Amino acid sequence: MTAMLSRPRRRGVRATLLVLPAVIPVAIVVIGGIGTTVVQSLGLMPLVGTPALSVKTFEGTDDLLSSALLSLGIAVVSTAIAAVVGFFTAVLIISGNWGGRIVGALSAAAVTVPHLVGAASVGLLLSDSGVLARIFGIPPESWPALVAGPTWFAVIAEYAWKESAFIALIIVGTLATRITSYDETAAVLGAHRGARLRFVVLPLAAPSLLVASTIAFAYTLGSYEVAWLLGKTYPEPLSVMALRLFNSASLTARPEAAAVAVITLLLTAAVVVLAMLGLRRMRAWQ
Amino acid sequence: MTTELMTSAITLTSVTKSYSTTAPAALHGVNLDILPGTSTAIVGPSGSGKSTILRIIAGLEDANGGRVRLSGRDVTALLPEQRGISMVFQRPLLFPHLTVLDNVAFADRAAGVSRAQARKQAREHLEMVQMGTFASRSPQSLSGGQQQRVAVARALAAKPSVLLLDEPFSALDPGLKDEMHAMIASIRAAVNPTILFVTHDRDEASAMAERIVVLENGQLLQHDTVDHVFHQPASLAVARLLGGKNAFAGVIDNGVHHSAIGAVAIDGDVGSGRATLVFRHEAVTSTLRHATSGADAAALATPHADAAACQRLGPRELRGTVTAAVQRGPRRELVVRVGDADVHTEAAPGNLLSVGDPVTVSLPCEALWTVPA
Numbered sequence: 001m002t003a004m005l006s007r008p009r010r011r012g013v014r015a016t017l018l019v020l021p022a023v024i025p026v027a028i029v030v031i032g033g034i035g036t037t038v039v040q041s042l043g044l045m046p047l048v049g050t051p052a053l054s055v056k057t058f059e060g061t062d063d064l065l066s067s068a069l070l071s072l073g074i075a076v077v078s079t080a081i082a083a084v085v086g087f088f089t090a091v092l093i094i095s096g097n098w099g100g101r102i103v104g105a106l107s108a109a110a111v112t113v114p115h116l117v118g119a120a121s122v123g124l125l126l127s128d129s130g131v132l133a134r135i136f137g138i139p140p141e142s143w144p145a146l147v148a149g150p151t152w153f154a155v156i157a158e159y160a161w162k163e164s165a166f167i168a169l170i171i172v173g174t175l176a177t178r179i180t181s182y183d184e185t186a187a188v189l190g191a192h193r194g195a196r197l198r199f200v201v202l203p204l205a206a207p208s209l210l211v212a213s214t215i216a217f218a219y220t221l222g223s224y225e226v227a228w229l230l231g232k233t234y235p236e237p238l239s240v241m242a243l244r245l246f247n248s249a250s251l252t253a254r255p256e257a258a259a260v261a262v263i264t265l266l267l268t269a270a271v272v273v274l275a276m277l278g279l280r281r282m283r284a285w286q
Numbered sequence: 287m288t289t290e291l292m293t294s295a296i297t298l299t300s301v302t303k304s305y306s307t308t309a310p311a312a313l314h315g316v317n318l319d320i321l322p323g324t325s326t327a328i329v330g331p332s333g334s335g336k337s338t339i340l341r342i343i344a345g346l347e348d349a350n351g352g353r354v355r356l357s358g359r360d361v362t363a364l365l366p367e368q369r370g371i372s373m374v375f376q377r378p379l380l381f382p383h384l385t386v387l388d389n390v391a392f393a394d395r396a397a398g399v400s401r402a403q404a405r406k407q408a409r410e411h412l413e414m415v416q417m418g419t420f421a422s423r424s425p426q427s428l429s430g431g432q433q434q435r436v437a438v439a440r441a442l443a444a445k446p447s448v449l450l451l452d453e454p455f456s457a458l459d460p461g462l463k464d465e466m467h468a469m470i471a472s473i474r475a476a477v478n479p480t481i482l483f484v485t486h487d488r489d490e491a492s493a494m495a496e497r498i499v500v501l502e503n504g505q506l507l508q509h510d511t512v513d514h515v516f517h518q519p520a521s522l523a524v525a526r527l528l529g530g531k532n533a534f535a536g537v538i539d540n541g542v543h544h545s546a547i548g549a550v551a552i553d554g555d556v557g558s559g560r561a562t563l564v565f566r567h568e569a570v571t572s573t574l575r576h577a578t579s580g581a582d583a584a585a586l587a588t589p590h591a592d593a594a595a596c597q598r599l600g601p602r603e604l605r606g607t608v609t610a611a612v613q614r615g616p617r618r619e620l621v622v623r624v625g626d627a628d629v630h631t632e633a634a635p636g637n638l639l640s641v642g643d644p645v646t647v648s649l650p651c652e653a654l655w656t657v658p659a
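These protein sequences, in sequence, are chains A and B. Throughout the first sequence, residue numbering follows the numbering used here, covering 1 to 286 in sequence. Throughout the second sequence, residue numbering follows the numbering used here, covering 287 to 659 in sequence.
Some clues are possibly wrong.
[To be verified] Away from chain A, derived, C-beta distances all over 10 Å, residues of chain B:
hint	residue
1	E367
2	L379
3	D459
4	V512
5	S521
[Stated by the list, open to error] The calculated label-pair distances, taken between Cβ atoms and stated as ranges, are:
hint	chain 1	residue 1	chain 2	residue 2	range
6	B	P322	A	T180	48 to 56 Å
7	B	K406	A	F88	54 to 62 Å
8	B	R401	A	N247	42 to 50 Å
9	B	N350	A	T180	42 to 50 Å
10	B	N350	A	A270	56 to 64 Å
11	B	S472	A	T180	27 to 35 Å
12	A	G96	B	A363	35 to 43 Å
13	B	G529	A	T180	28 to 36 Å
14	A	R178	B	G529	46 to 54 Å
15	A	R178	B	S306	21 to 29 Å
16	B	N350	A	G278	57 to 65 Å
[Said to hold, decoys possible] Chain A side only, calculated, beta carbon under 8 Å to chain B, not exhaustive:
hint	residue
17	T112
18	H115
19	F136
20	P140
21	A187
22	L189
23	A195
24	L279
25	R280
These are calculated hints, taken from the structure and not from any lab test. Since this is a predicted model, take the numbers as computed values, not measurements. Here a beta-carbon is modelled for each residue, glycine too, at the ideal position from N, C-alpha and C.
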C-alpha cells in the first residue's frame, strides 16, 4: 500500500470533506425526519402503548384515497397552469422590452411573498364579499364559490400565481445568457417567431421547465397553508389531513398523521423519479 | 446534387448606426455595392463596425438611417426571417437539442417541410461539407472545425441568396482554416451564393474573397479588388490596416518621389506635391551585397530594361544594412537601414541574411504606390 494518495484521489477526499458540513445537517434533518415518520407510521414509535409493526394506520385512516386524489388534482392542475404561464412569462422577460422588464420585476416580487400572505390576499380578492365582488357590484349570494368552493379555484389560483413566477425566474436564469444567440441563429435560418418558439426556445427551456415544475409540484403537494385557508373543510388534501391528525387531541392519531405524510412523500418521490427519467431523455439536458 | 441558389446583389445606401447617444457612431453613412455571386471580405480593426454591417444586412440590428437593398428590393424594414439571408457566426451555435442532421434540417422544418423530406435534403448539404457520416451525432461530440462545417451546411440548407459569415473560422487552427477555405471554394463552385464575410485575418480575406472592404471607425475607407487594396491602397490608413509596413512621407516631382530613402521613380500619372510612398514588404526582397560593390547609398539608378511598363523608371534598388531579422515560417523578414530610414523587406530565397549584413533591396516598380500625405 502506498503511503501517499494520488493527486486526484487527494482532491476527491478534500472535496468530500469540504461539503460534509453542508451535507451532514441536511442528512440528519431529511433522513432523520423521514425515518422517524416512517417508523411512527408503522407503529414502531407510538406516543402511548407498546411498539408493534403494523400497517393498520395506512388502512385505517379514513378518506386517505380521496384525499390523495384531491391533493394530486390540485397539484397537477396548479403546476400545469404555473408551467404554461411561467414559460410564457419567461419568454416575455427574455424578450428584453419594457413589458418584459415590468413582468420580470413583478415575478421577482411575487416570489418574495410568503404563501400564507398570498393565500390571505387571494382570499380577500376572491371571496364572496371580497374586493372583486365589490368592484363588480355582485352580491355575495350571486358570487361564485371561488373560495372554499367545490372547484378549489382559489387554492389553485394562489399556487399557480406563486409558482408561475418561480418557474419563470428559473427558466430566465437558465436561458438568459444563450437564448438570444440561438434565437438570432434561427431567425437568419428563416424561422418565424412561432417556429422559433416551438423548435428552439421550448426545447432549450424544457429541462429547466421540467425541474422547476417538479419542485413546484412537490411543494404544492406537501404544503398545507393555502389549502387550509382557502379550501373546503371536506374532503381535505393530504397535507391538511396530516396537520389535523398531528394536532389532534387524540394521541393515537399521531401514527395516522405519519402515515398520511408517508403517502405524500411516496407520491412526491414517484413524481420526482418520473421527472428525472424524463430529464435524462431530453437532448438539451445531455 | 443540391439546387443552385438564387444569388443577390447587396446595396447599402448611407447606412448609419449608433448604439447609444453618448458613444461614437458604429457606422457613418456607409455606401456599399456588392455584386451578386461574389465573395467579399470586410476587414478592419476591432470596433470598426464590421459585424454591425453584417447584422444590419441580416436584419438583426436596425440602422438609424439609410437603406439596405437586395437585388434592388428594399429589405430595410423586413424581419431577418423574411430577407432570404443566412448567417454563420463566430461560434457555431448548433442547437444542442438537435442531432447534426436535424440541425441542418432546421430551416426546412421551420418552414413546415415534413421531417423525412427535411432530413433528405439536409443529408445533401451535410455531404457538401464532408460531414455526412456525422449525421446522427450530437453537436457536442464534434470538434470546433466540424461544428463550424455543420453550421455552414445548416446555413446553406436555408437556400439563402446571401450568405453572411461573421469571423466563422477565427477560432480554428491554421490547418483547419485552410480546409474551411477549400470548403467555401467548393461550395461557391456548387451553389454560388453572394458571400460577405468579416475577418481579422488578411490572409483569409485574400484567400476567400475577390474584393475587400476596409473599414475603420465606422467609415468605409476602400472597397476594391484584393490586389488593389494590398498594393494600391486608397490611403495610408488602408495600407496600415492591411499590414503595410513601408510608408515614406515625401514629395513627388516630375514622376519621382523624394523621401528619406531617396528618389524613387513611380509608374503612371502620379501628379506632384506631397505624397507618401508605400509598398508591401512581401513585394520587395533583399539579397546579400558583396563588400566590393560600394558603400550604402540610397536610390541607385538601375533601370529595368525588361519591363515594358517600367521603361522610364529609374531608381529601384536600395543599398542598406540589415538591422533586424525575424523568421516567419519559411519566410525571413528583414528590417534594412537605408540612409535614415528603415525599409521592411523579405530575404530573397537562398539568402540567409543576418543582422549586420550589407544588402541590396530590390523594389519592383509594380509594388510602388503613393497615397495622399
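Status of the hints after comparison with the structure:
1. E367: B:E367 is in fact no farther than 10 Å from some Cβ atom of chain A, at 5 Å.
2. L379: 5 Å, violated
3. D459: 24 Å, holds
4. V512: 27 Å, holds
5. S521: 33 Å, holds
6. B:P322 / A:T180: 48 to 56 Å: Since B:P322 and A:T180 have Cβ atoms about 31 Å apart, the given range 48 to 56 Å is violated.
7. B:K406 / A:F88: 54 to 62 Å: 34 Å, violated
8. B:R401 / A:N247: 42 to 50 Å: This hint is violated: roughly 57 Å between Cβ atoms.
9. B:N350 / A:T180: 42 to 50 Å: 21 Å, violated
10. B:N350 / A:A270: 56 to 64 Å: Once the Cβ atoms are compared, 57 Å apart, the range 56 to 64 Å for A:A270 and B:N350 holds.
11. B:S472 / A:T180: 27 to 35 Å: Holds, since B:S472 and A:T180 (Cβ atoms, about 32 Å apart) stay within the stated range.
12. A:G96 / B:A363: 35 to 43 Å: Cβ of A:G96 to Cβ of B:A363: about 21 Å, so the range 35 to 43 Å is violated.
13. B:G529 / A:T180: 28 to 36 Å: 34 Å, holds
14. A:R178 / B:G529: 46 to 54 Å: 35 Å, violated
15. A:R178 / B:S306: 21 to 29 Å: 24 Å, holds
16. B:N350 / A:G278: 57 to 65 Å: 47 Å, violated
17. T112: Given a least distance of 32 Å, the restraint on A:T112 is violated.
18. H115: Where the cut-off is 8 Å and the nearest Cβ of chain B is about 34 Å from A:H115, the hint is violated.
19. F136: 41 Å, violated
20. P140: 51 Å, violated
21. A187: It holds, given that the least Cβ distance between A:A187 and chain B is near 4 Å, below 8 Å.
22. L189: The hint holds - A:L189 has a Cβ within 8 Å of chain B, the shortest such distance being about 4 Å.
23. A195: 4 Å, holds
24. L279: 13 Å, violated
25. R280: Check failed: Cβ of A:R280 comes no nearer than 14 Å to chain B, outside 8 Å.
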